[in-house]
Amino acid sequence: LGYFNYNGIETNENNEKAFNLFLNASAKYHTLAQYFVAYCYQNGFGTIKNDKLAFKYFEKVADKNYAMGQLEVGYFYDNGIGIKKDLKKAFIWFEKAVNNGNIMAKCNLGLYYKNGKGIEKNYNKAFELFKQSAEEDYLYGITMLAYCYSYGIGTKPNKQKAFELYEKSANLGSKVAQYNVANMYEFGDGIIKDIDKSIYWYEKSSKQ
Numbered sequence: 001l002g003y004f005n006y007n008g009i010e011t012n013e014n015n016e017k018a019f020n021l022f023l024n025a026s027a028k029y030h031t032l033a034q035y036f037v038a039y040c041y042q043n044g045f046g047t048i049k050n051d052k053l054a055f056k057y058f059e060k061v062a063d064k065n066y067a068m069g070q071l072e073v074g075y076f077y078d079n080g081i082g083i084k085k086d087l088k089k090a091f092i093w094f095e096k097a098v099n100n101g102n103i104m105a106k107c108n109l110g111l112y113y114k115n116g117k118g119i120e121k122n123y124n125k126a127f128e129l130f131k132q133s134a135e136e137d138y139l140y141g142i143t144m145l146a147y148c149y150s151y152g153i154g155t156k157p158n159k160q161k162a163f164e165l166y167e168k169s170a171n172l173g174s175k176v177a178q179y180n181v182a183n184m185y186e187f188g189d190g191i192i193k194d195i196d197k198s199i200y201w202y203e204k205s206s207k208q
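Residues 1 to 208 (my numbering) are what the sequence shown spells out, left to right.
No lab work stands behind these hints: they were computed from the structure. Wrong hints could be hidden among the right ones.
Stated by the list, open to error - The list that follows gives simulated cross-link-like pairs (lysine to any residue, SDA-like), each with its CA atoms no further than 20 Å apart:
no. : residue 1 : residue 2
1   : K49       : N65
2   : K121      : K131
3   : K56       : G44
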């Protein structure tokens, strides 16, 4: 019922009522309800925004091995939201979420390996994680895999492959990918130079 209230399904949208329903269900250790309580605190839906309480509830969910909760705990540690910033703990939680198959966590962990955040740099692991994320059609994963092919991160440089991936991501709406496609068309990098297409993609990117 809390879900229906939250999304305005079958009943009039009432975030406060939904939040209270989630809160009551979470007191009975309902995992999904605890996740939605955290989400409501995180975004101020039906209650006052409270990052510390959001973290507390996401942590409850994460401790139950729920991947989305683990991803959020990692995100909170990564950015120092509601808790002291701790890149090593963020890495640990992202890794747990990856082990539970979360595609966003795969991309986040890939960035940690690429940039050496909270862990020693490992381009091969970064590439593999971006690849896995891209294969599951995660937009940012596709963009990062294109970046790896463009600059030879964990793989041999392949401008044509980079262009193909950037183009796929651009067509799915990535502003960053759209800019890169425009740039590659402008300079004939991995594709035949085409100023008209370059202008098209620059304009598309700028409108986002």
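Name the hints, by number, that the structure is in violation of. 1
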